[in-house]
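Protein chains: 2
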Amino acid sequence: MGLDNRVNCCPDGLVTDRRRRIKVLDCTIRDGGICNQWDFDHALVRQVFDALAASGIDYMEVGYKTQDGVFDRNAVGPWRFCEEADLRQVVEAGPMKIATMVDVNRVTHKEIPPSDDTAIDVIRIATYAHQIEDALTLLDHCLEQGYETFMNVMAVSTLSPDEVDTFLKKLAGSGIHNVAIVDSYGALYPYHVRYLVHKYMNYLGEQTKVGVHFHNNQQQAFANSIAAIDEGVDFVDATLHGIGRGAGNCPLELLLFYLDNPRHDPRPILDLVEHFASMREDLRWGYHLPYAISGYFNIHPRSAMDRMARMDRYQVREMFETLAKDT
Amino acid sequence: MGLDNRVNCCPDGLVTDRRRRIKVLDCTIRDGGICNQWDFDHALVRQVFDALAASGIDYMEVGYKTQDGVFDRNAVGPWRFCEEADLRQVVEAGPMKIATMVDVNRVTHKEIPPSDDTAIDVIRIATYAHQIEDALTLLDHCLEQGYETFMNVMAVSTLSPDEVDTFLKKLAGSGIHNVAIVDSYGALYPYHVRYLVHKYMNYLGEQTKVGVHFHNNQQQAFANSIAAIDEGVDFVDATLHGIGRGAGNCPLELLLFYLDNPRHDPRPILDLVEHFASMREDLRWGYHLPYAISGYFNIHPRSAMDRMARMDRYQVREMFETLAKDT
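Residue numbers (our numbering), protein chains in the order written: chain E, 1 to 327; chain L, 1 to 327.
The following block holds chain E by itself, in its conformation from the complex:
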């Protein structure tokens, strides 16, 4: 519908072009699934598919492909596996592409058939920098099978500049279609993001697009996305109402408001917000002090998630002081 920005105290033209070129990847079911063990029922996932498609979203990441034995199928929902029979109930071929994530070392070639045999268009490989050789082997298989292939090199905030250079050099010329800057710990501020966007773009060159996947521990997921858009990235990850591990991700509704692109319509996703807002009261993603502190100290959100499950979740001073001593 293309609503113009309503603030008239500032000329707007400068940033419009950079906003409107962005492709949006929704990872509500995949990253949001970390909050509820991927236990979304098929009807809801279908509603999400329909709403995203109607809103003009470019990619829907619907879960993970996972090899047998890594997760107990009685303990986690279907979107940790994305079996073809499940996918066929919730997605349809159309302009919106369907993505699934795979974790390096939690998937074999068997789970990644030729792309013509599945509803999946895109495989996104999640890897840590130290696993990059295994990730490259997996990449070759995905490309051979005919997939558009993306890579998330996680927890970049924990690496030294040299370690970032090293994996980017290996990815340059690898054939990967998209590499995301991934702030798994919610530790980055916009000045980090600006620095990293230039680094990723310079190393990866024209053949590989740069995306971003941010966590909201310090209320920076959307702000960091804006900073990345300003610097020229092509893809931004977001989720409905910001659902995602720990503090969650960039809220899709805020991103669509900002992008101000006539090809996106925020209205269909607003119909789903009521449901996700209610889920948030139970699952407690969003801004909470334990997440803010784990983000600030640049550590995995695991301990903060454990704390959020307890009644004394907001008694954070001792958590802060322990981390301040350790780091």
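Rather than coming from a laboratory, the hints here were simulated on the basis of the structure.
This structure is a prediction, so every number in the text was calculated from the model and none was measured.
Misleading hints may appear alongside valid ones.
[Claimed, not checked] Computed beta-carbon distance windows for the label pairs:
id : chain 1 : residue 1 : chain 2 : residue 2 : range
1  : E       : Gly173    : L       : Arg302    : 52 to 60 Å
2  : E       : Thr16     : L       : Asp234    : 27 to 35 Å
3  : L       : Arg302    : E       : Lys169    : 49 to 57 Å
4  : L       : Ala43     : E       : Arg310    : 22 to 30 Å
5  : E       : Asp312    : L       : Ala172    : 46 to 54 Å
Each residue gets a CB set at the ideal place from its N, CA and C atoms; glycine is no exception.
Mind docking chain L on chain E? Use the hints.
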């Protein structure tokens, strides 16, 4: 305590100087009071004073001065009036300065005695641009009485560039010590903020410091503060756990983490967070869809606050469509 930023994938020196020059104004009781009719008990306000002082905060805004008859004293708490007898129970003279806000046309000269006769160091005048002449008259009185005097020209996001220029020209040379960029509606993005910081600094010159007061409707209060710090402002407003009208303000804890200034210690305020986090469950400030939508449409949060008090608070599509038609 001066914790260094822990992200080592990005050189940090560039922004450190700009961060460390910032003075912090806490407006927990004043703006947070809009959430509970300023009905904080004296013991809690005293705890807030002690924590802010121990954390090295520069200014505490403890409420409003208000003329008789504007508010029913049985319906609102003491911090809407800041009588001297109340103030003396909760603050003490020390390095942290005590501020109160006054609304133009809701205060007379009688409520603003000579500064030597009160615990108040700073008067902050809240005005809309169209009331600027009355604000200037009030400013003269405050300066004569010996106060450091600040001004918040509200809802700048609703003004045209010319209207902003007009009030800034009137404030230049007026003797005002500090003028804040005030995003009352939570409508601004960082690119607006960067534009406005330069405009305010250019018009106001060296004599007048520029501050910022942001609302969090679109998760931009802290991000906009970072953008303003990058551009060279001197003051930033924040509140404990982000309490404030509607979606609230920039969370003080996040701001202190970011400023990374050895003269600030975040630990004392963390002791209060548990209390404010519990209050948030009842008072519902923070990120909620009705606030996101009112911010995006650049309207007063009043209708969103009314909606948040209802059970169907998250059914927002009709709200969105009505606003999309009207604007």
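To see whether the hints hold, each was checked on the structure:
1. E:Gly173 to L:Arg302: 52 to 60 Å: For arginine 302 of chain L against glycine 173 of chain E, whose Cβ atoms are near 56 Å apart, the range 52 to 60 Å holds.
2. E:Thr16 to L:Asp234: 27 to 35 Å: 31 Å, holds
3. L:Arg302 to E:Lys169: 49 to 57 Å: Distance hint for arginine 302 of chain L, lysine 169 of chain E holds at roughly 55 Å.
4. L:Ala43 to E:Arg310: 22 to 30 Å: Once the Cβ atoms are compared, 27 Å apart, the range 22 to 30 Å for arginine 310 of chain E and alanine 43 of chain L holds.
5. E:Asp312 to L:Ala172: 46 to 54 Å: 52 Å, holds
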